[in-house]
Amino acid sequence: MWNDVPSSWYLVLSALLFTLGVFGFLIKRNLITVFMSIELMLNAVNLSFVTFAHEWHAVKGQIFVFFVMVVAAAEAAVGLAIIIAIFRARNTLNVDQIDLMKL
Amino acid sequence: MNLYLWLIPILPFVGFLINGMLGRRLPKALVSTVALAFPLAAFGVVLRAAMLAWPGNGNFALPYVENFAGSWINASPLHIDFTFALDQLTLIMLLVITGVGFLIHIYSVGYMAHEEGYWRYFSYLNLFLFFMLILVLAENYLLMFVGWEGVGLASYLLIGFYFDKKSAADAGKKAFVVNRIGDFGFLLGIFLLLSQFGSLSFAKVGDGLTANPGLHGGILTAIALCLLVGAAGKSAQIPLYIWLPDAMEGPTPVSALIHAATMVTAGVYMIARTHGIFDRSPFALAIVAIIGAATAFFAATIALVQTDIKRVLAYSTISQLGYMFLGCGVAAYSAAVFHLMTHAFFKALLFLAAGSVIHGLGGEQNMLKMGGLRKKMPITFWTMLMGIIAIAGIPPWAGFFSKDAILYEAFQHGTLGKALYFVGLVTALLTSFYMFRLLYLTFFGEPRADAHNEADSGSSHSALHTSHLEPHESPWSMLAPLVILAILSFVGGWIGIERFGNFLSPVTGPIIDPALEPGGKNLDLALSFVAVAVAALGWFIAHLFYAKKNDRAKNLATASGPVYGLLVNKYGIDEIYQALIVVPVTFSARYILGWLGEGAIISGSAWLLAGITGLIGEFLRRWQSGNLRSYSAWLAAGAAVLLIFGGYFVTGTWLGSHGIDVHINWAGR
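Line by line, the protein sequences are chains A and B.
Heads up: the first sequence is residues 1 to 103, going by my numbering.
Heads up: the second sequence is residues 1 to 669, going by my numbering.
Mixed in with the good hints, there may be bad ones.
What the hints assert, rightly or not - Computed spacing ranges between beta-carbons, pair by pair:
id, chain 1, residue 1, chain 2, residue 2, range
1, A, 67, B, 605, 53 to 59 angstroms
2, A, 62, B, 618, 47 to 53 angstroms
3, A, 62, B, 614, 49 to 55 angstroms
4, B, 610, A, 98, 32 to 38 angstroms
What the hints assert, rightly or not - Short derived list, chain B residues pointing at chain A, Cβ under 10 angstroms:
id, residue
5, 165
6, 625
7, 626
8, 627
Honestly, the hints are just simulated from the structure, not real lab data.
C-beta: ideal position from N, C-alpha, C; glycine also.
Just chain B, with the same shape it has in the complex (with noise of 0.2 angstroms):
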């Protein structure tokens, strides 16, 4: 018996193979059969892996690895190999990845049907597929980063879809600029881990954790704090979250898989997958919760104002891994975990639905010019209804469950704990207000369409759609995917916190059941009949401004002015980075470098020594006159020269003295 567990990202990657290098030639059909036949059949040998390896069907015993190639990297003390391993965590993730993955592929075949480059977004897409798989299988931490670099190639390949729009192209690079730092974070991690463990398998750094039970902080806060940089990149944590909003420039379906579903997760996948080196660092774990939390009530407040719906989103979501964070800061990993999956259904809901408007409208993305379409796109509607209750936080959709076992975790949490859960809960407030105006402005209310053709909005969506000025529903291969995740958006946390946690507990530990604390399920009550009332407060809020056509909106946000113009400009954070990074390293790189060490230095040097060269040259070429008689002239002196000198040189002496001894005698003989 095997899982095969090598098969789930090659299928992936076979796809990618077909459609690169024929899709160009292949009938759209045929592109559409092989990129969703891949993913479905590596969903398939995930779904089997599962239901074998399920604990306690007894077949195998997790963690499950399986190695290829005996040994990838050998370099004596240096000891790799390429294994891939199953355990709960990993289960989780494929699960996710190749489930809601495929239902994105399923909706791509609908949403850029009328595309350029058709082939090319399903490889890419696939080729996604295909590092992500690596990263989650990965059982150490080199092999972890070969997949954490191919989604962020992946990533910058999506993002840019549209190369031929400036600001598309400039977003890719941004992602991609911004996550090398992460990176290098991470790598900084991984030598660091190497020089402590002398081994990147989890297992055997698992194993060095176990056996120095005195072994805290010090080196591990060191590790621990580079592995965050590398996942606060990827995961679009402060410092490094701005890059997310900006990849909204790729096709909504890539938004949806990567930059909200998948992809955006590894960050915390990864701190869940290294927690043992958390654990042992209070302040790399403290961190951890502040940066989570941070960024949760930070992208929140920006979210509040955007009136681009993918960008709204796509705050949205910095804040929710930004909850996770908080989740894993607070060492309850699972609950982490757990928001990161229900979190992968509603988000990947929500963009879907906001691409099925968007395709809907013909490209237009600002809410400002929705409206109304509740009754066109009744679907649509409903769906994204179900997301945004789900990610409101109103019981019993899935949202409510997730995020209210993270707050309860950091409530429990010590007083940093408490600090940060007002945080959290402060900004569940947000996240529930800007959702509902979201919802409110899009669908309620009247038209506001009548200028959106000529508004292009830089819109990314095709302008073969402009075509159609009556917003309509999307087809069939769009809705279908919409209701499957609206279904999961809705029941996706019932399965309830205590249940993920303990089949999670072998991987991430066990967390604090209210269960087993004295007064938990009270406070767990009380904790979640505040989140509510927070949730519906919001709602409340959102419905006053928006739900009906009135000034109170325009009228707090002149009220508030310069707070108001600090949200729309996202806090300046891009303008700040821009003139304390962007512009220093521009600078240091055009003249420092450029100028100084490629221009002066080494420039200078290459034609130093030519322009010496041409200048003796320049000097002896006149020598060559072609004038014999100062050409015997020069052979003339030269011969005196080597009588003189050579004459010395070879005697030792001045002419005459012993060399050429020659006495005249006057007198004769």
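Bound-form chain A, shown alone (with noise of 0.2 angstroms):
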């Protein structure tokens, strides 16, 4: 049952799911993955927003959670988009080769 399950531990699985995203951020090259990590960060922050609203049973949390969602579901699009119109610019999604903004 739900309250089985102690609220540490969906804060342990949180952070684990973050730290995933950062890495998965820091490491991969593949600008798709590179974008699953980052909506991999938004989802673990989510998680502990609710199992904070859950905790101490605040909806605040639960409320900020949807506009998260929301937020996030716009800047897939945006993002989707933008990766779009790079791999039809330079046919590829290495991110190691779209450095057009160094000096």
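With the hints as a guide, bring both chains together as one complex.
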């Protein structure tokens, strides 16, 4: 049952997911994977929001999660569009080659 | 009734403005008219003032003071008026400056007729008169200093008149820099005066001296010596005389006006004007006398062997100025001013006559290439003869009276005075010798001008004249001033030192009157006789050496070997100054100030700051690699650092203990 799992486990899972997201972001070269890592971090945060909301019986955290999901959806739409544009322009999704902004 | 003193300097200034601003576009005749009319008008105002204010006329009490514009500088304790004053000494100076100055203006019209920058020349000349008149009219030290600096500027401009010639430009700079050293002394003297008397007005300083009869030596010696440095700079005395010979690079009428008759006498004028201070400091007076006598002798020895006609006259000027300082130094100020006046006549005459010779020979200045000009330039010859006799000190020409007065006063001035009298006497011998040497070399013997066309000798006078192969007499515009000055050189001394001294005595104090001394008349006669004998001896020696073509001069030169070389090289003073002063100064300017000060410290610190910033930038720019993952890595690292250290700063503890307190309950609830 829900109550059998202590909140701290959710937090640990959330931390693990976030760390996975960070390392995925840092390590992966494919822009799509990097993008997915970002989503992973967002959702890890969402999980901790929900956990604390449950822990302290505060509904604000859950509302916040909806906001995050909405923003993440919008971000995914824009981000994927940008990724497609980049791919069309440069024929690659390797982030190491997308470095036109350096000096 | 008014004397309109302010008109006297303003008139030449108007001439300067007109010629300086419009002269380039005006026709030459108009430039000459303007340049002559304004000094003539100033001379007229001076004459009117002289007639109205002549002592005994009773119209004006001298000193007559004109004050303008209330107070000039007013800064609580400091109160300086813009004031002109006329007294006997100023009157003499005004007459000499405007009178001789006007004659030289006339002469210049002929002399400069073919020169480039005709208008420029005359505007400078008028500017000089303006400042010189300010100098002598000023009623306080500061206004005098304004004129003092101004004549220095005009002198610089006119020495460097042929500014495209390097030697002339250098000579101008040299004169300016050397004068600056003297002016610095003058300034220090002014500051000391201000601190001692609280005023710079001549009258107030005089009152201050009268109010403190016990004030002797000490601060007054310091003031007097500072003023002496200024006077030595302007009047070309040891050790600051070196600029005057080089000043001969300017046009010859300039040498006559500025570097013989007027500006260089400013130092003598200044000492005579401030004699109240010198009188209270016997030490400073003795220094003045020694410097004067030493300069007189020293310059005369150099003049013995010079071959450039203008250089002989330049050293002779230094020597004569030395006489005037000697006169000042034995407290015979009126005798010094008397010599100043007669010297203005005969030295202006000599320079103008030399200019006439140079003009007639198309720019030749080397006396060894002259000769035999007596027949070709008779008027120049006769007038110059007048000047030479006058400077040699043969009665009844003017130089005799004034030089005799100085020598007599020196002889009466204690042991030091007697020693200096003999220096002066020897100098008189030398003077007579080198002046007649000049006469014989220039006007007698065979013409030696065979090589004078190609021998440029660096002459400044225009190349246009070289077409005149034959020496020719100068135009009347040049000869008329010569004749007038020759007459003045003849009669200028007849007034006699007694009457002249009495006239000046309200300003310069009484002199030792031979008539009032026991046995003074006889002593005076004896000394005069000795002086004349010495002058005649100098003439005789010059006659032996130079009247007929012979080898005596050459033999003596060879026989005296090193001494002759020393004299020809002017004692190597320029070289010594070069080594002792110019080289260290340029060295310190270039290396200590230039490299170390400006280069290392100022530029260095700026470069260091810029370099550090650049290095940091060079390092930091590598962060902006454009690599997304490196950005995100830094972001993550930054976040981690914030989490750890930020948490510490907010909560005061490290991660874990209080801030984020997570306890994992592995055992379930």
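Okay, the hints, checked on the actual structure:
Checking the proposed 53 to 59 angstroms range against residue 67 (chain A) and residue 605 (chain B) shows it holds: the Cβ atoms sit about 55 angstroms from each other. A hinted range of 47 to 53 angstroms holds for the C-beta pair residue 62 (chain A) and residue 618 (chain B), which are about 51 angstroms apart. In this structure the supplied range 49 to 55 angstroms holds for residue 62 (chain A) paired with residue 614 (chain B), their Cβ-Cβ distance being about 54 angstroms. The hinted window of 32 to 38 angstroms between residue 610 (chain B) and residue 98 (chain A) holds, with their beta carbons roughly 35 angstroms apart.
A distance limit of 10 angstroms between C-beta atoms decides the matter here; for residue 165 (chain B) the minimum to chain A is near 57 angstroms, and the interface restraint is violated. A least Cβ separation of about 5 angstroms between residue 625 (chain B) and chain A falls short of the 10 angstroms threshold, and the interface hint therefore holds. Interface restraint check: residue 626 (chain B) against chain A, minimum CB-CB distance 3 angstroms, threshold 10 angstroms, status holds. Proximity of residue 627 (chain B) to chain A holds as hinted, the smallest CB-CB distance being about 5 angstroms (cut-off 10 angstroms).
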